[in-house]
Structure formats: C-alpha cells, structure tokens
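Chemist: Sequence:
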Amino acid sequence: MNSSFLGTAMLRWRIAFGVLIVAALAALCWLDDWLHRVTEVPGIALFPVLVVVVVLASREVLHLTAAGGMRPVPWVVYCGSLLVVTSCWVAPVFVKFDDKLPQDSRYLALISSAAASDWTLVALAVGVLMAFAAEMYRFKRPGGVTINVAAAVFGITYVGFLLSFLVKLHLVWGLRALVSTLIVVKMGDVGAYAVGRLIGRSKMAPGLSPGKTIEGALGAMAFACLGSWATLHWLPTFHQLHWLFQATSSEGARAGTSWGWILFGLLVGISGMVGDLAESLIKRDVQQKDSSDWVPGFGGVLDILDSALLAAPAACACWAFRLVT
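So that you can map any letter, position 277 of the sequence shown is 277 in the numbering used here, and since no number is skipped, the others follow by simple counting.
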C-alpha cells in the first residue's frame with residue numbers, strides 16, 4: 001500500500017471526522033439553546049461535554065508530564081481543572097438569577113464577566129494550594145517536589161484555566177461568541193493545512209513542527225478572517241439561524257466597526273497558531289508525537305483543542321473591548 005493512497009485515505013478520514021464534530025457541535029448548540037429557553041439556565045447541554053473534555057485533556061497532560069519525568073499528583077490536576085471551569089460556569093448563573101441586579105443586558109454582561117473572572121482566579125488559587133498540600137502529604141525525601149508542583153499547576157492552568165475562557169464566551173456574550181470563535185479557529189486550521197499542503201515551501205518552525213510553513217500560516221490568517229466575516233456578517237442574515245443570534249436582530253448582529261471582524265479574525269487566528277505551536281513545543285520536549293492516540297489522524301483531545309486553548313482568551317478580549325459586538 002503506497003504512501004499516496006494512505007495519505008488520501010487519511011485526508012478523507014480527517015474530513016469525515018471533522019464534519020462529524022461540526023454536526024455534533026451544531027446539534028449540541030441547538031439543544032443547549034432550547035434548554036436555556038426552557039430552564040433559563042445556560043450551558044446545560046454544553047457544560048457536561050466540557051467536563052468530559054477536561055477529564056480527557058487532563059489525562060493527556062498527565063501522560064505528557066510523565067513522559068517528561070514529572071509526577072504531579074493526578075487527582076490535583078483533575079480536580080483543579082474541573083474546579084476552575086465549574087467556577088467560571090457557576091458565577092454568571094448566580095448573577096443571572098440575582099433579582100437585586102438590574103436586568104439590563106449590557107450591565108449583566110459586565111457583571112457576569114467580572115464574576116466569572118473573580119471566581120475563576122479563586123478556583124485557580126485553590127488548585128495551587130491543592131498542589132502544594134498533595135506534595136506535602138506524600139513527601140518522603142528531597143528531590144522532585146518543586147517540578148511536580150509546577151507540573152500540577154501547569155496542568156490546571158493549561159487545561160482548566162484556558163478552557164474556562166470558552167465557558168466565559170458562552171455565558172457572558174452568548175452562543176454566537178463561542179461559535180464564532182470555534183469557527184474562526186478551525187477555519188484557520190483548515191487554511192493552514194490546505195495552503196501549506198498546496199503551496200507550502202518555507203518552513204516556519206522546523207524545530208517544533210516540520211510540517212508547518214509560512215505560506216500555511218498566511219493561509220490560516222486568511223481563512224480565519226473569512227470565518228470571522230462569515231459568522232459576524234453573513235450567517236446572521238439567515239432566518240434559520242435566528243436561534244443562534246437571538247440576542248440581537250440581524251442588523252444588530254452585524255453591527256460594529258467595519259474593521260472589527262478583520263481584527264477578530266487576525267487576533268484569534270494568530271493566537272490559534274501560537275496555541276498549535278505551544279502544544280508542539282510540549283510534545284517535542286517530552287518526545288511524544290501526539291498527546292494520545294484515541295482519534296486516528298488527529299491524535300488526542302489536546303491535539304484537537306490546542307489552537308482553541310490560546311485563541312479563547314484572545315476572543316474574550318475582542319468581545320470585552322467591543323472590537324466585535
């Protein structure tokens with residue numbers, strides 16, 4: 001079986017699995033919106049999925065740290081990461097049901113954002129405390145404690161803290177903010193892969209990821225901007241997608257500066273590329289090809305989400321500073 005056939009088969013599998021992920025995410029978003037209307041509690045359908053993702057991603061972080069000779073206490077990484085994302089979800093829900101607060105949408109968004117940030121930082125601090133306490137409990141002899149604490153805090157931050165920004169996007173600015181971010185990130189991934197495969201010649205970071213090229217990076221930015229335009233200007237015009245843009249009218253969903261969507265696409269797209277390279281750096285350092293092998297052709301959860309991990313904070317900044325509205 002020649003390499004060309006294997007490459008074509010793998011490409012077809014990647015496309016098929018990608019379409020499956022998109023379809024599943026779309027169905028979950030619709031279900032989440034419907035449950036939100038019925039119960040007035042956001043995230044009922046999406047948050048349990050995120051919990052599963054956090055557990056799987058934490059497991060992969062533990063695998064990577066073990067490959068690098070580090071031994072963080074597993075339950076600290078699992079519990080710390082889950083605590084951080086849960087706190088980010090719970091805080092805006094509490095704000096939403098606080099009858100003492102004015103029910104102005106912009107005011108609630110501001111208060112929800114502040115509450116989510118405060119609760120998340122407290123949860124992160126608790127995670128650091130747990131990391132130290134766990135090492136104190138199992139301490140026998142000098143050597144390795146500091147690196148194990150650092151590895152545990154890294155795992156909580158890399159998985160729990162960064163994923164909490166996806167929760168914040170959803171609960172503070174709505175499904176549209178979450179979906180637009182994920183579409184921009186994945187469009188960037190598609191652009192990098194397609195353009196790099198077609199015309200890629202100049203290596204971008206051969207020491208970290210030999211397959212990535214400068215041409216692919218430019219393609220990623222172009223596709224990310226295309227995804228930004230589609231989600232912020234084009235898709236809001238479709239009546240069938242009103243449930244996704246229910247917070248505003250069709251005109252309102254497309255409001256904002258004419259250059260806001262370009263900046264959104266560039267900032268989120270570039271941050272996504274940095275996120276991709278960041279995971280490549282980790283894997284190179286511990287000499288692992290993938291974070292796990294549970295999805296052939298993709299690797300593990302971290303290999304799928306690596307771009308979104310660092311793109312989500314950039315997207316939050318764009319919405320917070322009203323580059324997009």
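These are calculated hints, taken from the structure and not from any lab test. For every residue, glycine included, the Cβ atom is placed at its ideal position computed from N, Cα and C. Hints may be right or wrong, so weigh each one.
Restraint-style ranges between C-beta atoms, simulated for each label pair [stated by the list, open to error]:
hint	residue 1	residue 2	range
1	A194	L20	17 to 23 angstroms
2	L35	I214	30 to 36 angstroms
3	L198	V38	20 to 26 angstroms
Calculated lysine to any residue pairs in the SDA-like style (CA-CA distance at most 20 angstroms, straight line) [unchecked claim]:
hint	residue 1	residue 2
4	K140	M130
5	K289	K140
6	K289	L218
7	K203	M221
8	K289	P142
9	K140	V126
10	K140	T86
11	K203	R284
Chemist: It remains to establish, for every hint, whether it holds in the given structure.
Modeler: Hints, verified against the model:
1. A194 with L20: 17 to 23 angstroms: At 19 angstroms between Cβs, range holds.
2. L35 with I214: 30 to 36 angstroms: Roughly 44 angstroms apart at Cβ, these two residues miss the hinted range, so it is violated.
3. L198 with V38: 20 to 26 angstroms: 47 angstroms, violated
4. K140 with M130: 18 angstroms, holds
5. K289 with K140: Judged against 20 angstroms, a Cα distance of about 34 angstroms means the pair is violated.
6. K289 with L218: 25 angstroms, violated
7. K203 with M221: Given pair K203, M221 holds - Cα atoms ~16 angstroms apart, limit 20 angstroms.
8. K289 with P142: The given pair, whose Cα atoms are some 32 angstroms apart, is violated under the 20 angstroms limit.
9. K140 with V126: Since the Cα atoms of K140 and V126 sit roughly 24 angstroms apart, the hinted pair is violated (cutoff 20 angstroms).
10. K140 with T86: Since the Cα atoms of K140 and T86 sit roughly 33 angstroms apart, the hinted pair is violated (cutoff 20 angstroms).
11. K203 with R284: 17 angstroms, holds
The structure shown violates the earlier hints numbered 2, 3, 5, 6, 8, 9 and 10.
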